[in-house]
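Chemist: Take a look at the letters that make up each chain.
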Amino acid sequence: MTEISAIWLTLKLAAITTAVLLVLATPLAWWLAHSSSRVRPLIEALTAMPLVMPPTVLGFYLLVFFSPDNALGGSWLALTGTTLAFSFYGLVFASLIYSLPFMVQPLTAAFTQLGRGPMEAAASLGASPMDAWLTTILPMARNGYLTAGVLTFAHTVGEFGIVLMVGGNLAGETRVISIAIYESVETLNYQEAYILSGGLMAFSFVVLLGVYQFNRQFAMSLTPRGMR
Amino acid sequence: MLSLDIQAQTGDLTLNVATSIGDGVTALFGPSGCGKTTLLRAIAGLMPSEGTIRCNNVVWQSTGTFMPLHQRRVGYVFQDDRLFPHLTVAGNLQYGFRRAKAAGLSIGLELQEVVARFDLEPLLQRYPNTLSGGESRRVNIARSLCSQPQLLLLDEPLTGLDAQRKADIIPYLATVAKDLSIPTVYVSHINDEIAQLCDNMLVMTAGTLIDEGPTGEVLGRLWRASGPDQSYGDPGSLLEASVMHFDEANAMVHLNVAGQELQVISPTEPQTQDLRLFLAAADVALSLDQPGRMSIRNVLTGAIVGIRQLTGAKIGLVAIDIDLDAENHGQDKGNDHKIVAHISAAACNDLGLAQGMPVYALIKSAKLTTPFA
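Protein chains in written order, with this note's numbering: chain A, 1 to 228; chain B, 1001 to 1373.
Don't read these hints as lab results, they were simulated from the structure. Mixed in with the good hints there might be a few duds.
[Claimed, not checked] Label-pair ranges, simulated between beta-carbon atoms: (1) A/Tyr-89 - B/Ala-1102: 41 to 47 Å; (2) B/Gly-1108 - A/Val-92: 53 to 59 Å; (3) B/Gly-1011 - A/Met-201: 36 to 42 Å.
No experiment lies behind these values; they were computed from the predicted model shown. The beta carbon of each residue, even a glycine, is placed where N, CA and C say it ideally should be.
From just these sequences and the hints, can you work out the full model?
Modeler: As structure tokens, then:
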């Protein structure tokens, strides 16, 4: 069953991308929310670039970087003995960049909204900066984290153009759902296209419904979590 | 004891403050925008400043050293509500308490004691977004104490509360301030709060201190200097008084003020021996002869030490400064047994009042400002 392998590959790609971005985007978003540095607008613009650039452009440049003649592709080849282009890890690299704004922007918004107040209050109560961050900002921004995580996951699941450029269509390696749908339509296999498209649509709807429902509950009352 | 000598620049405000703040409550008073909050933030280390800050012989900052806020042990009640919304009231209180305990720091304040003192038992399991404004201020103040601070910074902690709520909270603050001998800086621009709570007072204008000293003296100077518009509120005098006895049948406290007796109505017996008394200048009338039969029960004797013409909204009035210590014979000895009366200029002329004259001051009403009165 090619569909099953495509679905599994898609979920794996989205999960890894989301997990890595959660870690990488947090310090970046915190810096963007609180820095008064003059280079902030520059970094902000760079972070938002994947939102407006055609995936093909991004894919093209990534292919260039993945080439063993370049530093990234070359060192990956030396390290693992495989090329990045047309491989699963190439897709992960591409997704990290392509989905970056979907993680960074909700987090930056959440951190900006919280401001410095909680950190200052925690410091006045004797908490070191890392302690203060983990015990105040992280739980207070869980809304932002949920939104960012879900958007990143769902956006990665829906990738097409960039996957086609850097990943191609290798079953079990780079053949994700959107590629499988494209191929089904090309080969006039409408039944498979219906199943995969319908599944993807239902998945997106359920996920978004869940997020909005959670956000509403979170905003209305902070549910007790056994604090005492 | 907190000693500071700091300079800082923020926007168009230049902060330049050198002073020491002892145990007890010190009011930081001044018009809005004069840098009160900036000074607190600099003391806490939240706003970079040049110079030295020392608290109980620990150097918090000086050239080349800077201790961040979480090491300074400052209880800071911010002007806005900063309770952690994801923790219950109990969780908020424990936040600082546990960290102080883990670090082996204590000023002997147990969590239970703070809870009892601020009457927080019924609120412990509640989340901050379910608290009323007054409850939330109480928790904010209590939380700042739980971290066993060496210094308390209260930035308009009663802001936004109505008079009733304030009257509920001020007793808490007053007892805490009295019992904990840690320096406390209390930012306020409200005369009443300062008179009720603060032993000493700093007056700030445009980033610098223009006056400091015991509250009664500083308020007196401020009121005398505040000019025709009386911008600093209802002028009057603040006196230290001690309780002689309480007449329960008549709900009357008998007080000793500068060796003279004064009676003030009080529904309950005062809890402390020393009280502060506010006499509004408009409620003091003067007589050259010993007054006869009348309803006013308080007649103090003294001598005139100053006569000032008032202008603006108070045109037609003069302020008469009277020293209650008879043996000073009208010489201004700079003590705080002075009261001020506002009488009409016409009356002043007809009576021929002049410096050094002995007078009888008739006190129509006096207000005990210490909260437990």
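Chemist: The structure should be examined with respect to each hint, and the outcome stated for every one.
Modeler: Status of each hint after checking the structure:
A beta carbon spacing of about 43 Å between A/Tyr-89 and B/Ala-1102 agrees with the range 41 to 47 Å that was offered as a hint. For the hinted restraint 53 to 59 Å between B/Gly-1108 and A/Val-92, the CB-CB distance of approximately 56 Å keeps it satisfied. At roughly 53 Å, the beta carbons of B/Gly-1011 and A/Met-201 sit outside the given window of 36 to 42 Å.
Against the hints set out earlier in the document, a violation occurs for number 3 only.
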